[in-house]
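**Student:** Put together the whole structure using the sequences plus the hints.
If you read the sequences in order, they're chains V and U. Oh and the first sequence: position 139 is 139 in our numbering, straight run, nothing missing. In short: position in the second sequence from 1, add 189, done, that's our numbering.
Incorrect hints may have been included.
Partner residues are not named here, just some residues of chain U that face chain V (Cβ under 8 Å, in silico) [stated by the list, open to error]:
| # | residue |
| --- | --- |
| 1 | 216 |
| 2 | 233 |
| 3 | 287 |
| 4 | 332 |
| 5 | 333 |
| 6 | 334 |
| 7 | 335 |
| 8 | 336 |
| 9 | 341 |
| 10 | 345 |
| 11 | 347 |
| 12 | 348 |
| 13 | 351 |
| 14 | 356 |
| 15 | 376 |
| 16 | 378 |
Mimicking DSS-like on lysine-lysine, the simulated pairs with C-alpha atoms at most 27 Å apart in a straight line are [unchecked claim]:
| # | chain 1 | residue 1 | chain 2 | residue 2 |
| --- | --- | --- | --- | --- |
| 17 | U | 324 | U | 245 |
| 18 | V | 56 | U | 251 |
| 19 | U | 215 | V | 56 |
| 20 | U | 258 | V | 42 |
| 21 | U | 237 | V | 62 |
What the simulated footprint calls covered on chain V by chain U, stretch by stretch (three residues with Cβ under 8 Å from a Cβ of chain U suffice, anywhere in the stretch; the number is not a length) [as the list claims (entries may be wrong)]:
| # | region |
| --- | --- |
| 22 | 23 to 37 |
| 23 | 48 to 59 |
| 24 | 132 to 142 |
| 25 | 148 to 160 |
Please keep in mind that the hints were generated in silico from the structure rather than gathered at the bench. Glycine is no exception: its CB is placed at the ideal position from the N, C-alpha and C atoms.
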Amino acid sequence: MKMKIVGIVAGLSMVCSLNAGEYQSKYVAHATSSAVNFPASKGSLVLKTLHAESDKAAGLAKIYARTGNAKIVSSANAAGTTILVANVGAQFVANDLIAYQHADGTLDYTTVASTNTTVSIVLNDAISQAGTAKDVVYELSQQGQFDVAAATVSYIGDAIFTTPDNSPLRIVVDSTSAGYVTATVLQEQ
Amino acid sequence: MKKLKLSVILSLVLPVLSFGSNWESKVSTAQTNSPVNFAARAGRIVIKNLHAESDKAAGVAKVYARTGKGLTVTSAPATGATTILVTNASAQLEANDLIIYQHSDGTVDYSTVASTNTTVSIVLNDAISQAGTAKDRVYELSQQGQFDVAAATVTYTGEALFATPNDSPLRVLVDSGTNGYVSVSVATD
Numbered sequence: 001m002k003m004k005i006v007g008i009v010a011g012l013s014m015v016c017s018l019n020a021g022e023y024q025s026k027y028v029a030h031a032t033s034s035a036v037n038f039p040a041s042k043g044s045l046v047l048k049t050l051h052a053e054s055d056k057a058a059g060l061a062k063i064y065a066r067t068g069n070a071k072i073v074s075s076a077n078a079a080g081t082t083i084l085v086a087n088v089g090a091q092f093v094a095n096d097l098i099a100y101q102h103a104d105g106t107l108d109y110t111t112v113a114s115t116n117t118t119v120s121i122v123l124n125d126a127i128s129q130a131g132t133a134k135d136v137v138y139e140l141s142q143q144g145q146f147d148v149a150a151a152t153v154s155y156i157g158d159a160i161f162t163t164p165d166n167s168p169l170r171i172v173v174d175s176t177s178a179g180y181v182t183a184t185v186l187q188e189q
Numbered sequence: 190m191k192k193l194k195l196s197v198i199l200s201l202v203l204p205v206l207s208f209g210s211n212w213e214s215k216v217s218t219a220q221t222n223s224p225v226n227f228a229a230r231a232g233r234i235v236i237k238n239l240h241a242e243s244d245k246a247a248g249v250a251k252v253y254a255r256t257g258k259g260l261t262v263t264s265a266p267a268t269g270a271t272t273i274l275v276t277n278a279s280a281q282l283e284a285n286d287l288i289i290y291q292h293s294d295g296t297v298d299y300s301t302v303a304s305t306n307t308t309v310s311i312v313l314n315d316a317i318s319q320a321g322t323a324k325d326r327v328y329e330l331s332q333q334g335q336f337d338v339a340a341a342t343v344t345y346t347g348e349a350l351f352a353t354p355n356d357s358p359l360r361v362l363v364d365s366g367t368n369g370y371v372s373v374s375v376a377t378d
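**Tutor:** This is the structure in structure tokens:
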């Protein structure tokens with residue numbers, strides 16, 4: 001009997017773990033490029049719903065996630081462009097796409113203008129608020145793509161796309177003069 | 190002993206069965222611009238099914254949730270009141286803001302802000318539908334999702350089409366000319 005109860009408990013734990021996490025949705029409507037950014041969490045971000053519109057024949061939803069390891073900011077930064085971060089092994093180089101994640105979850109997306117050996121990087125856009133030494137910088141690369149074309153499309157499923165652990169997620173839909181994107185993810189714990 | 194074992198098993202099974210519970214469905218057949226409003230609850234509201242019809246070529250289902258934090262009403266307003274006493278610290282609510290007035294029994298009234306009186310009260314453009322209490326809540330809303338409807342009948346079904354923030358009402362509005370409706374089912378995350 002004890003075995004049965006242990007089995008039931010194990011089974012139930014598995015069922016619970018299948019859905020462990022929190023859902024989060026974001027929406028942006030911009031004329032030429034609609035982008036939504038989800039901050040990193042401990043586990044993976046699992047894309048459940050992607051609904052997008054574009055007026056470009058070649059319209060796409062491009063999906064970005066971290067490549068390489070996240071780097072923790074080594075000293076608090078003012079709301080500027082120079083970020084003190086240990087750039088060991090020159091992980092960051094000019095033109096890299098990056099996401100600067102503040103300790104409160106606010107996410108700034110930009111590109112690297114230049115690097116200063118291994119102690120700092122210079123961004124092409126200033127971070128939106130003063131940073132702390134707990135902030136994290138992620139290098140992003142395109143890791144998924146869905147067709148939109150000059151249409152409105154829906155991709156809905158259990159796992160349309162999954163980021164690596166501890167990775168932000170960025171979705172960009174390109175359009176000419178009218179477009180939008182609505183996305184919902186599950187933040188796995 | 191058997192009763193004890195059964196109670197142990199039930200105590201384990203029931204929480205699992207109730208995971209994703211508090212299912213609720215609403216429909217609006219208002220013809221011209223059909224809205225459904227769901228009251229805020231502990232946790233997030235997750236849209237599982239959205240079925241809508243519009244007769245407008247550009248018809249869309251707009252999804253609204255809270256922006257900022259919900260505010261607690263400081264003094265009970267009478268039925269039909271438009272002036273609501275609420276601590277509007279840092280002027281979170283401003284004229285033309287979209288709001289949901291949520292009564293303590295879960296009834297929700299949708300309106301917009303006509304004006305504000307410094308930080309102690311707001312005036313709504315529509316009277317609340319029943320007498321309020323000092324436990325009622327006022328939520329500012331913003332559009333946070335969108336799904337295409339066009340001049341058609343559409344169905345979106347999935348594990349998580351859209352998720353509100355915690356403690357947020359949900360409003361789904363389908364725009365149409367003279368013939369439209371919306372039917373929405375949600376669960377609590």
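**Student:** Compare the structure with each hint and give your call.
**Tutor:** How the hints compare with the structure:
no. : hint            : in the structure
1   : 216             : 21 Å, violated
2   : 233             : 6 Å, holds
3   : 287             : 15 Å, violated
4   : 332             : 7 Å, holds
5   : 333             : 5 Å, holds
6   : 334             : 5 Å, holds
7   : 335             : 5 Å, holds
8   : 336             : 6 Å, holds
9   : 341             : 11 Å, violated
10  : 345             : 6 Å, holds
11  : 347             : 4 Å, holds
12  : 348             : 5 Å, holds
13  : 351             : 5 Å, holds
14  : 356             : 13 Å, violated
15  : 376             : 10 Å, violated
16  : 378             : 5 Å, holds
17  : 324(U) / 245(U) : 40 Å, violated
18  : 56(V) / 251(U)  : 22 Å, holds
19  : 215(U) / 56(V)  : 36 Å, violated
20  : 258(U) / 42(V)  : 25 Å, holds
21  : 237(U) / 62(V)  : 25 Å, holds
22  : 23 to 37        : holds (count 6)
23  : 48 to 59        : holds (count 4)
24  : 132 to 142      : violated (count 0)
25  : 148 to 160      : holds (count 5)
In summary, the structure is inconsistent with hints 1, 3, 9, 14, 15, 17, 19, 24 from the numbered list given earlier, while agreeing with the others.
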